[in-house]
Structure formats: C-alpha cells, structure tokens
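Participant: Fit chain to chain and form the complex, with the hints in mind.
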Amino acid sequence: MNSRTFVCIVCPNGCTIETQYEGDKILSVTGNKCKKGIEYVRQELIDPRRTISSTVRIEGAELPLCSVRLTNVIPKKDIFRVMEEINKIKLTAPVSIGQVVIKNVCGLDSDVIVTKNMG
Amino acid sequence: MQKRDVVIIGGGPAGLAAAAELKKRGVDDILIIEREKQLGGILRQCIHDGFGLTRFGQTLSGPEYSQRFIDQVKEMQIEVLTNATVIDLTDDKIVTADTRDGLLQVQARAIILTMGCRERTRGALAIPGQRPSGIYNAGVAQSYMNLYNTMVGKEIIIMGSGDIGLIMARRMTLEGAHVKAVFEVLPYPSGLPRNIEQCLNDYNIPLYLSHSVINIKGDTRIEGVTVAEVGPDMKPIPGTEKDFTCDTLVLSVGLIPENELSLAAGVTLDGRTKGAFVDENFQTDVPGVFAAGNVLHVHDLVDFVSLEAEALAAGVNEYLNSDEVAPCDIEIETDRNIGHIIPQKVSGEKNFRMSMRVRKPMGRCKIIVSQGDNTVKSTIVPNAIPAEMIQFDVAADKIMSNEKIEVSVYEQ
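Residue numbers (this note's numbering), protein chains in the order written: chain F, 3 to 121; chain R, 88 to 499.
Treat the hints as calculated values from the structure; they're not laboratory data. Please read all numbers here as calculations on a predicted model, not as lab measurements. Some hints could be false.
[To be verified] Calculated cross-link-like contacts (lysine-lysine; reagent style DSS-like; alpha-carbon spacing at most 30 Å): (1) R:Lys267 x R:Lys329; (2) R:Lys329 x F:Lys37; (3) R:Lys464 x F:Lys35.
[Claimed, not checked] Computed, partial: chain R to chain F, Cβ under 7 Å: (4) Asp136; (5) Gly139; (6) Leu279.
[Said to hold, decoys possible] Sample of chain F residues at the chain R side, in silico, Cβ under 7 Å: (7) Val9; (8) Ile11; (9) Pro14; (10) Thr57; (11) Leu65; (12) Pro66; (13) Ser69; (14) Arg71; (15) Val75; (16) Met85; (17) Ile99; (18) Gln101; (19) Thr117.
Beta carbons: idealized from backbone N, C-alpha and C, even for Gly.
With the rest of the complex left out, here is chain R (with noise of 0.2 Å):
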C-alpha cells in the first residue's frame, strides 16, 4: 500500500489552500484527490465576481480566485489526483479511491477533510404536489448554464433566499429568463444584503418573506406553484394562497456539509454545523483526522475558507513533527442565540480564532467570550444577521483555566 504523510480529500478552496501552506511549512508528501476533472470545486461555476476582496484585496470571478490556488499548488509540485472518488476512508487512515487506474489504497498519516457541502433538496423540504420535470437546485441550475450551456427555463420561480439562489436569480435574468418571484419561509434573507441589493433589486424582482411554496403543479413539467403566507410558526395561514404559473421552480433552501466519509473515519458530527466537532487546530475527535472549509460549517465568503484552510495546516504541521497536538480539553459553549460556532473545544495555549453565526436578525450585539467570572474577549458586532458568519480572535493569555468557555451575544 502505498504510504503518505497527508492525503487532502477534495480540490476545491480548502484543499488547495491547505496543501499550499502545508507545502510553504515544509511538509512535501502530499496528495490531494479529487472526484471532477479539474480542480477548483464549485469556484468552477460560480462565475460571478465579488471573490477575493478579504483575501487579495481585488474583486475577482469564482474561476480567476481558484485559479491563483492551482497555479500555486502546481508550481510548488503537489501532487494531485483528479477524476478519483474516495469511496472509504478509515480511522486508521487508509483512504481508498476509485480511480480511473483501478482501486487506489493510501495508508496516510493525517488526512484533510475538504469535500465541501451538497444542497438541500426538494425531497428535504417535503414539498407535497406532484413530481414534474423543471425542479432543480440552484447549484445544479448553475452548472447546467455557466458549464454546459443549458438554459433550465423561462418562466422561473425562486424558494429561498441563499446567496446562491440570489446569484442565479439575476443569472438567470441576464440570459433573457423572467425570473417572477423569490419566496423565503423565513422573516428575512438567508442571503446576503448586497447580493439582495445587486441580484433581486436590481433588476425589480420582487423578494417575499414568510412565503413558503406549498404545492407544486404540472404533469410531465411543471406549470405552476401555490404559495402561502406562513405565520410565526411556519404553518402556512389558510386564505393567503396565491398560485403562480412558472416552467422552472429553483430550490436554494440551504447546504449541508458532506460527511459521509468523516462518518466511515468514526468522526462525531455537531449537529448544529452538520460538520466535524474540532478543536482549535481543525483536527476532529479521530485523531490525525482535520477538517476546513464548508465541509466543517457553511461558510459565506470563500476568502475565510481559504484562510481557515491556511490555519488548518499549521495543525496539521504539528501533528506530523510530534503525532499529536496538544490536548484540547476545553469546552465551548453557547447561548441560544448562536446557531453553532468553531472551533468546540480549545487548549486555552493558543491563540484561536471564533467562527460563529447569531440565529436571527439581532441588529448591534456585544459578544462575551468567558470562563466563570473571567472575561476572555469582549466585541461589538455593528449588526448581527444569521447570513453572515462572524470572526474574531481569542488571546490564550486570557483563558485562566481549563473549566468551560460560554460565549453569549446580547442585543445593544
């Protein structure tokens, strides 16, 4: 079998990024697998700009910002196998791939989680109403038109409020589609303000909050949806159904980390990021087993998952140079109003940094990181909203001792 310090599990954002940094600290024996072609991950189709700003400090396209990542991972020589599917992974870490020379079994070292997310779809959401052609994930209705030049309708019907459901919104209009409504089950955007702003307003499509799609109508294709009003409880309220014909209905309801092979490792998922447990390092409860990027938790920008991949490495580094990292037997806790934060558990040795989302809207919060009566950190967040992921690092000077750190936010 043969032998690596480090096989990387997936080519896109994470995975360059951390075999780049992992090569700058030293460490050659790399592999990175990827299941497509080429590498790049879903940066591939998101050919819209707005990458790059917090990373480079320029705007660029989804294929311009992975492209700086490749350039950099073929001239420091890394060795990358694409077209390859990793189908097993163990907790002894042998990962075995299906590749187009036969089965490949690599007995590694550390292994980098970096698989990304899949979308939530339709058979998620229980959408009753028939079974029509015309339904598609946004995601995929993105690759159908930035790869392979097919148009996925004309008349076209939007539920959810992602950012990727925004992009192909305007997408879809820039192409000659008349995109008629976009309807969120929510009382605000699960997207971003600006891309609310630059995709939906405009070009005048009209954004529907506490809407849900409740029927979906049409035989072979779909011809059209009834959607509700829904009330705080997210049951649609009777009387304020309205039909809509359409010929395409584009879900953009969420992601979900992809996990099976963390799963296969025995990594223990967190149910709130549907990804990893980790501590400060990135490394997951199956020790030499790290994980970064949206395969750990959603992210909204891909310049902090690139950074949080660069991170990930110096873990990695260590665990290579000792077999282990330093114990991290801290927990994190939260309040109710963070949907979920990374990492979950810490030394108190190092410095870290704090990924966390509020679960709704909360406008100007402080966040209160602390020990008992200790605070460790204290921050002002100018406006909390559940879209935006919120940073901010933690000084390991101020972790007094190895009892429990709770972080709260409270509304200003």
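Chain F on its own, in the form it takes in the complex (with noise of 0.2 Å):
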C-alpha cells in the first residue's frame, strides 16, 4: 500500500486529499470537499491530466497576440506538444470567443479555441 498527498486543483478550494492507494486502486481518501476530489486523485493516480492557456499571433487587431485555450484536459506529458501546434498558428482579425482554432489538437479530444474577441 502507498500514500500520497494530493493538492486538488479543481476548484479554488484547492483541497489538500491524504490518499492511500495500492497500482491504481484507491484505498481510502480524505481531505476533499467534494467527490471532484477523488476523480482528481483517481486521475492523478493513473494520468495526469492538465488544461493549458497561451496566445497566438493575430494580424489586423489592435495588439500583436490573441488568446487561446483548450477545451478539455489534455495528457500533462504531452503540453509541450501542444504547444508546439499552437505556436505555429497566425490568426487575422476579427475573431470572436469561442472560435475554434485547432480542432482536435494532435488528436488529443481537446480543441484550441480563441478566448478574446478582437479587430
């Protein structure tokens, strides 16, 4: 049996959740306000997962940089990859929140979609 100390990073609670566990198997959790809580830790436990923000380049608005997110939670080994893909995208004003600007990005079932509306 191990245990490990989680800090869940669901809501701004930030619950610290004691967690025993043996593989993948949750033995017993405590600490969590709310049953987010053990999906987190059962996440955590078999693949980490993680939502990213950056910006893309934008021609014809006021500043140089849109901001994007993703969609969903993406594998954390994989978001320097994801990165990479946005970092090749040059958008041209105007754009609106919500618009999709990778869809499905690197297959991950998760879109890129712009969060500020501009030009």
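Facilitator: As structure tokens, then:
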C-alpha cells in the first residue's frame, strides 16, 4: 500500500487530499470537500491531465497577440507538443470568443479556442 | 459642468459588475471612466483559466470572464468613456478626467472607486545591488508576454510566491524559458495551494521558503542574484548565501490598492488593507463615495470581486434614493490573528458579508464574532491560510446593541 498527498486543482478550494492506494486502486481518500476530489485523485494516479492557455499571433488587431485555451484537459506529458502546435498558428482579425483555432489538437480530444474578441 | 448620478472610476471587473447591478436596480445615469483603450482591467492579460467557478460554475480565462460583464454593460447601454484618466476627485464628488477630447469635469451624486491595485516594486523592498535591466514585476512581465508578444528572458529567477508570480512561472516555462526557482521570504507560500501545484510542481520548479534575494548583479543586464536563507526575524542568516545566474528577475511581492484619488477626495484609508475604511454598504467615510474590489482590499479570486461590487450597488442605490445610507456606528475590531477585515463599521440593521484574512497559516480554526458576552456568529474554517480570503455572512438580528463587534480566530 502506498500513500500520497494531493492538492486538488479542480476549484479554488484547493483541498489537500490524503490518499492511500495500491497500483491504480484507491483504498481511501480524506480531506476532499467534494466528489470531484476523488475523481481528481483517480485521474492523477493513472494519467494526470491539465488544460493550458496561451497566445497566438494575430494580424489586423490592435495588439499582436490573441489569447487561446484548450476546451478539454490533455495528458500532462503532451503539454509541450500542444504548445508547438499552438505556436504555429497565425490568425487574422476579426476573431471572437469560442472560435475554434485547432480542432482536436494532436488527436487529444481537445480543441484550441479563442478567448478574446479582437478586431 | 456635466451632471451624473453615478461615476464609476475604473472599468475592470469591479466597475463593470457594479455598473450592471446598478442598472438592474433602476439606476440609469451611469458613466464608467476607464484609462485603458478597452474595458476589462487586469483580466485582459490574465489569459490562464480558473476564473468564474464560483460565479458561473465553469472555468473561464480572464478575457472570457470579463467579456461576460462587458457584454452586459453594452446590452444595457451603460455609457463608457475609455482612454480617459481621472486625475482628480473632490470630497463634493467632482471628477476631473483627462480625455481624448480634453479635460472633462463631472459633478456626480455618487462615486464608485474601482481602480484596482498596483504591484509592489523593487524600490519598495530595498533590495541592495546594482540597477541593471531585466528586473520586472510579474504583472508587467505578464503584459509584455500576453499582450505585446515580448518575451522577457530565458533564465528566470522569481522572487515572491504571489499568485501572479506562480502563474507567470508556468507561462514563461510554456514559452520556452527556464524558470530556475522561486524564492519566498516567508515560511509559507503567498499564493494559493492549487497554483503551487499546477504552476510549480507540474513543471518541477523548486520553491524555497524562508529565502530572500539579498543582492542583484549585472552592469547593463542582470547577470545573477545572491540568495540567502532568512531566520524568524526575516534577516539573512550569514553563511547561507548562494549565487544563481539569471538574465531575468521577476518580482511577485504583493499588490497595493491604488488609492491616490481616494486620498484626494479625503477618504480615510485603513493601514491594514491599504484601502478605504468602509461600512456594510461599501461607503467610505466620505458620504456618497463607495469602494469595492481590489482598490478596497486585495482579493484572491475575481469571482469575489464581482460579488462585492454587486453588493456595493445595493448601497449606492439606497444612497441615491435618500441621499444617505443608514448610519453605521458599530465598529468592528479584530484580534492579532486577523490581518484585515471588511467592513470596518456596520449599522446592525442589515445582514452583511464579512471578508478577512488570517496573518499566518492556522489550520483548522473557529472564528467567533461577538458583542460583549453575546455571540453574533461562530464558524469553522477547515484550513485558514493567508493566501485565501475568508468570507461568511453575519445576520443583523444577532446584533443586539451599538457596542463594538469583536472578531477572533482560535486554532482548533
């Protein structure tokens, strides 16, 4: 049996969750205020996932950059691969919030979308 | 001179939420004055997500969060003046602004102060050493990187573990920089635990607590820093000095409410919050001048800024209807475990929300609000840390007299 302390990042509560587990089987969790904490720990044990936010270049807007984010979490190990794809993008104004910039980025079941209205 | 019912100074999250809520309450004659070209305040450069969980039940980036309020303000046809800097405010509520069309003076019946914060700088910390380039405040680095496409450096040291510094540690790493370490002078982090986790631990960036930068080296560009461990007296411990090379030093050492205009209007500031003394209506000690958001006290989450500004709108509306709000003569005092508290005065006639921060990590705590022998409110906080604002509601029917209210925190 192993034990590990997690800080849940799902919401601003940031619960400290004490976990006992065997392989990817959770034996006990304490400290989480809600069920999402258990889900978070389960995911962290088998395949930690995160969303990322970044910027892409844009032409024809007041500023040279437009902000973007992922619509869904991706495996932590793929973050820099996705950043490479995001950095290839160049947009032309106008763009609006929610506009898909890369559909299903790197085949990871997550889209890159615009998060700022520009132009 | 132009006349307005309400002038809102600052079109960030607090100003926008206050405007929309006032309009919903039937106040029509509102002017928002914003110094930047666009509304949204600091959220324009906060491109990371995590905003809106409390307010909208979903996680949004800063620009998306602010756009929801900007859309409301536009739909409601609330008048906005951008590219206009308020340069003076008087106690009889005359606003002077520097605008593209020249000087503008407005006589307001009520003023809402929502100017936000500034960052504490190197000068305020008095770090010894040379004065090279390559030293940035975290928010300045954030604006360069997220708005203007300018990378600040490659080998980064961060001083201070405030949330903006943590967010920028991740951001700079994603854009290819090497963030060597974060040094925090206090024995505990200043930022939220989830940001330590997802911005530092995720990218193997070490955090050194009880450490401070004691020297800065470099002639034209910064070349390195000397760091030392500090003792309980916050002074460097001789013999613990270590040198780190870097081309950039990012400072994330706290925010200071931007209250020059408040002072010009004669508003009294609280030395603890660095913002105005306010009552439960968010009215300052100058009648008709109200304040909310980060100009009042530094918040941890923007969701609470919006909620506070909406609560303020109720008070402003009451003031407009009767040219005053109910007198608030009950003072609120705190024990030494509490860093600051809002409001500092109440009427005892209205339910209100108390916001406070503890001075040091205290674990599981009981907070007791009392008036003499009478317990007004008692609440348990599972894990009290300075990085998190603690909020709870207080019911007016439990307030029995005009005696002062005392708030105390007890470790459990």
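Participant: Each of the hints needs a verdict: does it hold here or not?
Facilitator: Going through the hints against the structure:
1. R:Lys267 x R:Lys329: 13 Å, holds
2. R:Lys329 x F:Lys37: 44 Å, violated
3. R:Lys464 x F:Lys35: It holds: about 22 Å lies between the C-alpha atoms, which stays within 30 Å.
4. Asp136: Since the shortest Cβ distance to chain F is 6 Å, the answer is holds.
5. Gly139: 11 Å, violated
6. Leu279: Holds - the Cβ of Leu279 (chain R) comes within 7 Å of chain F, reaching about 6 Å at its closest.
7. Val9: Since the shortest Cβ distance to chain R is 4 Å, the answer is holds.
8. Ile11: Holds: closest Cβ of chain R sits about 4 Å from Ile11 (chain F), inside 7 Å.
9. Pro14: The hint holds - Pro14 (chain F) has a Cβ within 7 Å of chain R, the shortest such distance being about 5 Å.
10. Thr57: Holds - the Cβ of Thr57 (chain F) comes within 7 Å of chain R, reaching about 6 Å at its closest.
11. Leu65: 5 Å, holds
12. Pro66: This interface hint holds because 4 Å falls under the 7 Å limit.
13. Ser69: For Ser69 (chain F), the interface hint holds, since the closest Cβ of chain R sits about 4 Å away, which is under 7 Å.
14. Arg71: With a closest approach of 5 Å, the Arg71 (chain F) hint holds.
15. Val75: 11 Å, violated
16. Met85: At 5 Å from the nearest chain R Cβ, Met85 (chain F) passes the 7 Å test, so the hint holds.
17. Ile99: 6 Å, holds
18. Gln101: 12 Å, violated
19. Thr117: OK, holds: Thr117 (chain F) within 7 Å of chain R, min 4 Å.
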